[in-house]
Amino acid sequence: MAKAGGTVLVGFLVLFAVLIGRLVHINTTSLSDRVLKIVHAQQIGHTPLPARRGCILDVHGRVMAGTHDKPCVFADPSIIDDFMSAASRLAPVLAMDAGEIEQTLRENSGRRFCWLKRWIEPADALAVKALKMPGVGVRLESKRLYPFEELCATTVGFVGVDNVGLEGMEARYDKHLRGSDGRHSSIYNGHRKRRPIWWRQEQSTAPKDGGHVVLTIDAVVQEIAQRHLSATVEEFQAASGTVVVMNPHTGELLAVAQVPSFDPDRFGEFSAAMRRNRAVCDVFEPGSIFKPFVASGALAAGIVNTTEEFDCGNGTHRFGGRTLHDTSPRGVLTLDGILAKSSNIGMGLIGERMGDVALHDTVRAFGFGKATGIDFAGEAKGILHALDRWTSYSVTSVPMGQEIAVTPIQLATAFSALVNGGLFVKPVLVDSLIDARGHLVRSTKRPEVVRRVIPKETSDYMLRRALRAVVLEGGGRKAALKDWNVVGKTGTAEISDGVHGGYEEDAYDSSFLGAAPMENPRCVVLVTVHRPQADIAYYGSRVAAPAAGRILGETLAYLHVPPSPVTVDGDGL
Amino acid sequence: MTGQEHHHHTDAHTGLDGIATAVILVASALLIVGVVMLGSTSADLEKSIFDFASWRAPMVRQALFAAVGVCVMLVGARVGPGFLRWRTCSILQPSVFLLFFAVALLVLVWAPGLGHESHGRNRWIDLGFISFQPSEIAKFALVAFLASFLTRERESTASHRPDLTIPMIGVGIVCALVGAEDFGTAFLLAMVGGLVIVVRGCPLSTILSWSIPVTAAFSYLLFSQSYRVERLMSFRNIWDDRFGAGFHPIQSLGAIASGRWTGRGLGAGLAKYGYLPEHQTDFIFAIICEETGAFGGACVILLYAALVSLGILTVRRAVGGDGGFARLFAFGIIAVVAAQAVMNIAVVTVIAPTKGIGLPLISSGGSGVLCFCAAIGLLAGVRRTVATDTQTTAPSLDVRFAGSLSQGAS
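Heads up: the protein sequence lines correspond to chains A and B, in order.
Taking my numbering, I'd label the letters of the first sequence as residues 1 to 573.
Taking my numbering, I'd label the letters of the second sequence as residues 1 to 410.
Treat the hints loosely; a few may be bogus.
[What the hints assert, rightly or not] Here are the computed distance ranges between Cβ atoms for each label pair:
1) A/G21 with B/R56: 18 to 28 Å
2) A/V164 with B/A29: 57 to 67 Å
3) B/W261 with A/D181: 49 to 59 Å
4) B/T262 with A/D181: 54 to 64 Å
5) B/T262 with A/L13: 20 to 30 Å
6) A/G160 with B/Q225: 35 to 45 Å
7) A/G110 with B/N237: 29 to 39 Å
Bear in mind the hints are in silico, worked out from the structure with no lab data behind them.
Ideal Cβ positions, reconstructed from N, Cα and C, are used throughout, including at glycine.
Sequences and hints are given; from them, build the entire structure.
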């Protein structure tokens with residue numbers, strides 16, 4: 001009997017061992033993860049602590065995109081007895097239709113929470129609170145704010161309702177701006193009530209507020225550019241227009257303006273076409289403003305010299321299979337004369353002399369046909385056909401800015417190289433990233449010299465002689481300023497019909513590409529006006545040059561650039 | 001064996017020997033675990049301090065019962081189970097009275113004014129100042145009755161074929177009365193009763209012939225209450241109905257898994273805040289695991305294993321000369337403790353379907369603590385022989401002689 005009893009009891013010992021094994025089993029298999037997932041979801045509740053989205057600032061710290069807290073009205077429909085009376089009481093305060101409020105309440109009648117109106121004015125919020133209605137409350141929610149509205153919208157971009165960056169810098173630096181949300185974790189009991197815990201603090205992870213993005217854009221310059229561009233587009237009833245203002249030595253973009261723009265607060269009301277950044281994303285055939293690049297390339301390569309004379313004849317000249325025209329007979333011109341008079345024949349002669357390889361190399365060296373690498377999504381690289389696709393016309397077409405498509409940013413960058421001593425500097429749009437407390441995270445290196453394009457002497461000649469001549473004697477006269485010596489080049493390009501290499505009738509891109517002051521250029525400005533009404537005016541000299549001059553004048557004054565010295569011969573040489 | 005005499009004697013006069021002391025210490029350790037865990041489960045910032053440390057607070061009540069229980073154990077160890085032994089042919093036996101007492105209490109559960117309903121079941125008797133579960137007494141009354149009846153002295157030893165009718169009726173009545181409201185305990189009683197009968201020794205044919213009515217009776221009990229079948233079915237897959245039938249098992253597993261190896265710390269468990277039902281009684285082992293980890297849970301299991309091991313030693317060394325009563329009684333007590341612990345932990349770890357059954361000596365409940373203490377005290381008091389020589393004891397004439405001597409002395 002003792003033996004049988006002992007055996008049974010040893011059997012119990014075995015069962016105990018099995019039970020210990022079961023404890024190990026629970027803790028070492030996926031069973032534990034599975035139940036813990038369920039149990040943690042029941043026991044631990046998380047309240048998100050949203051991080052504050054950082055600001056987008058201009059170069060002087062002016063807020064171009066910020067975040068502020070605005071009152072939002074919400075309701076708990078489950079404790080509102082009479083939707084109709086509640087709606088009629090709220091309607092006048094919220095400036096909403098009572099029926100609309102009632103419908104919102106009805107649709108959410110089973111829920112404990114619904115928004116009635118988001119982002120109201122603080123005074124209205126006080127009025128809502130004064131109603132002391134059960135089931136209606138006000139809480140602050142962060143709202144993106146664009147104080148400059150349309151001014152720099154295409155560059156700054158915008159966020160969606162959930163404060164996620166959708167376009168522009170808001171999208172590009174979304175991760176930096178957003179920061180990371182924190183959360184407050186608390187323990188709930190079996191009846192879904194939060195309960196105090198005495199053995200440890202409730203756990204909170206503080207939100208990490210987003211950092212700020214500092215642009216190189218100067219809101220004042222941006223406003224100057226935008227104002228004159230708008231006026232010009234309106235005056236000439238153009239379809240659109242773009243202005244780029246750049247520091248030629250550093251590549252910093254001071255303004256990237258466009259018409260039309262959009263209000264980032266109501267981005268949904270504008271088409272994607274209106275919201276795109278035309279300075280970076282749009283390409284166009286540049287026309288005559290392209291001539292200085294080719295001329296300087298020929299000069300730098302020693303193919304032409306500054307004293308050489310070109311016979312531009314009586315205004316027509318036959319190149320191989322086609323005839324080029326100048327607007328009037330130009331006669332014999334030197335290089336500066338060709339640019340000042342914007343002679344197509346002169347440029348054709350230079351192009352012929354260069355040949356396709358040297359010409360192509362020059363155009364490539366100025367950065368055309370490839371992206372500048374600007375810190376902005378969706379940059380177009382323009383069109384520069386490969387040499388093997390060049391036709392016999394190309395050596396004469398390209399020098400006058402045809403058979404090629406460029407972006408405003410490419411033009412401004414290339415022109416900077418032309419006037420800054422010959423260095424191609426990468427355009428810069430973002431000055432720096434700073435964290436929420438203002439500490440520097442990253443500063444954009446500048447100038448980032450990519451390569452030397454032309455020798456300094458060539459650059460000096462172009463700046464002081466050829467481009468200056470355009471403003472003194474050529475089409476750029478309307479860009480001239482009293483206090484500063486302006487240089488530049490006008491352009492009037494027919495718009496390609498995009499079908500068989502032909503051009504639309506009476507459709508032009510009128511441009512002016514300039515810089516000032518000549519002695520040490522502080523600003524490069526590009527004004528392009530797309531499709532001005534031809535019956536008003538369409539020449540770059542009439543449409544774009546005056547705006548460019550005004551923009552340069554106001555900008556240089558704002559930047560406290562000293563006036564150019566008065567020289568004896570009056571032309572700055 | 002030349003120079004040494006077999007010098008067996010009992011230590012009834014000198015108090016408790018090592019094993020008896022160990023039994024009481026292990027049982028006391030389990031009691032302390034119970035008190036500590038009840039303190040932990042009733043500590044709650046949202047409740048008054050009086051819910052934690054007043055005379056009516058679970059921990060304080062449990063501590064009082066545990067203190068009384070330890071005294072009961074010490075007394076029981078002094079007395080020993082000998083008084084329960086069936087000596088004469090008369091039916092007037094202590095164990096029979098005990099059984100009748102238990103049965104009477106089981107019936108009284110149904111008496112209006114006395115019976116106390118909790119969780120929809122009549123398991124308690126409410127005497128105003130104290131309510132207790134008669135089924136706790138019934139467990140040990142049944143063991144005492146079976147052990148004494150099966151080892152009773154009989155005039156004629158001619159027919160050695162044991163007659164199981166009376167024991168089976170006893171088991172049947174108790175199981176039926178308990179099982180009407182408490183299937184798990186009835187199952188436990190039937191199992192322990194069966195084990196005691198089998199261990200005592202009886203032919204296979206007898207066992208088989210009794211198995212038919214037993215099976216029938218349990219099937220009836222099982223299907224007479226729909227929730228029992230539901231529990232059995234839901235145990236098959238707890239994930240299907242995680243907020244219904246699977247809720248308790250998932251919460252129990254969740255508590256165990258939350259504890260990992262070393263636990264969240266005493267008092268730091270969360271399952272007790274309205275998630276795990278019966279966290280002070282049937283599911284207290286899950287709280288132990290949550291707060292002290294699988295390590296703590298294993299320690300508790302090892303304490304039970306130690307109690308069983310000490311029980312084995314007690315059974316082995318029990319004094320003969322009583323027809324094997326002490327051995328059978330000791331076996332029965334250990335079997336009750338072990339079986340109940342195994343069943344409870346199997347339920348908590350979701351090896352077995354939910355049965356309303358507590359963890360011996362740990363779960364909240366005065367009647368349970370006191371009954372277990374009394375039984376374990378008697379177990380510790382089983383008269384034993386101590387071999388002073390190097391040989392382990394073996395039952396012999398000497399043992400029988402010594403055993404009867406000691407009985408005379410006590």
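Comparing the hints with the structure gives:
1. A/G21 with B/R56: 18 to 28 Å: Violated - the Cβ-Cβ distance for A/G21 and B/R56, about 40 Å, lies outside 18 to 28 Å.
2. A/V164 with B/A29: 57 to 67 Å: holds, 60 Å
3. B/W261 with A/D181: 49 to 59 Å: violated, 33 Å
4. B/T262 with A/D181: 54 to 64 Å: Distance hint for B/T262, A/D181 is violated at roughly 32 Å.
5. B/T262 with A/L13: 20 to 30 Å: Roughly 25 Å apart at Cβ, these two residues keep to the hinted range, so it holds.
6. A/G160 with B/Q225: 35 to 45 Å: The hinted range 35 to 45 Å is violated for A/G160 and B/Q225, with Cβ atoms some 59 Å apart.
7. A/G110 with B/N237: 29 to 39 Å: holds, 31 Å
Hints 1, 3, 4 and 6, counting from the list given before, are not met by this structure.
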